[in-house]
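Construct all of the structure, not just a fragment, from the sequences and the given hints.
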Amino acid sequence: MTWNALTQAHLDAGKNIDQRWLIWVVAENKSTGAAAPMGLWTGGMSRTLTVEGEARLYHGAQGGIEIPSWRHSPGTAALEEQIVFAVTPEAETLVRNYHVRYRPVQVHLAAFDPANGDLLDIRREFEGVVTAAPQVSPPINGVATLTLSVMSSAFAGMITTNAMKSDQSQQQRAPGDRFRRYGDAGTHASDPWGTSK
Numbered sequence: 001m002t003w004n005a006l007t008q009a010h011l012d013a014g015k016n017i018d019q020r021w022l023i024w025v026v027a028e029n030k031s032t033g034a035a036a037p038m039g040l041w042t043g044g045m046s047r048t049l050t051v052e053g054e055a056r057l058y059h060g061a062q063g064g065i066e067i068p069s070w071r072h073s074p075g076t077a078a079l080e081e082q083i084v085f086a087v088t089p090e091a092e093t094l095v096r097n098y099h100v101r102y103r104p105v106q107v108h109l110a111a112f113d114p115a116n117g118d119l120l121d122i123r124r125e126f127e128g129v130v131t132a133a134p135q136v137s138p139p140i141n142g143v144a145t146l147t148l149s150v151m152s153s154a155f156a157g158m159i160t161t162n163a164m165k166s167d168q169s170q171q172q173r174a175p176g177d178r179f180r181r182y183g184d185a186g187t188h189a190s191d192p193w194g195t196s197k
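So the sequence shown is residues 1 to 197, counted in the UniProt record's numbering.
Just so you know, these hints were derived from the structure itself, not from any lab. Even glycine gets a Cβ: it sits at the ideal position worked out from N, Cα and C.
Below 20 Å or equal to it, Euclidean Cα-Cα: the simulated EDC-like pairs (lysine to aspartate or glutamate) are:
(1) Lys15 <-> Asp118
(2) Lys15 <-> Asp121
(3) Lys30 <-> Glu90
(4) Lys30 <-> Glu92
(5) Lys15 <-> Asp113
Computed spacing ranges between beta-carbons, pair by pair:
(6) Thr145 <-> Thr2: 27 to 37 Å
(7) Glu66 <-> Pro139: 12 to 22 Å
(8) Ser137 <-> Thr93: 15 to 25 Å
(9) Lys15 <-> Ala78: 31 to 41 Å
Quick look at the structure:
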């Protein structure tokens with residue numbers, strides 16, 4: 001992942017940048033089923049940023065987000081990580097009031113000029129889906145956190161479709177191969193167990 005020319009020139013000049021993580025989850029409203037996007041970031045206050053051509057409101061998590069070090073590698077391996085949030089009202093609303101499982105998630109890294117707070121660049125670090133949002137109570141006197149388990153979008157390539165499992169589709173791929181001949185029998189036949197014929 002590389003920065004744009006402005007940010008790279010800023011770094012080449014020996015200037016510092018202030019990096020902030022942006023997490024965008026397109027959750028689902030539990031009552032209506034409508035998409036309910038929500039953003040959280042490691043900044044202190046809520047801020048609207050234009051990300052990938054879309055204006056998005058990110059709520060400040062006061063730095064209370066633990067992001068894994070993303071492993072970028074070639075190939076189609078599905079990356080699975082956990083994002084840990086401090087318990088803020090927005091993070092709690094996201095995890096408890098919306099459906100987040102199997103919903104899209106994006107993680108971006110934003111570079112700001114610490115001298116004036118200007119946004120220099122935003123680059124995508126991760127795209128995938130939320131696989132779980134476990135709600136674990138902390139031990140007595142422990143620190144409460146909220147977690148999103150996320151998996152990269154490469155996982156979609158590991159899911160086989162039902163159309164590829166029928167005898168008809170098997171015949172199209174390999175005529176004469178009858179391996180899936182009875183594959184869909186369970187959807188049509190009644191279960192004779194415990195009954196007399």
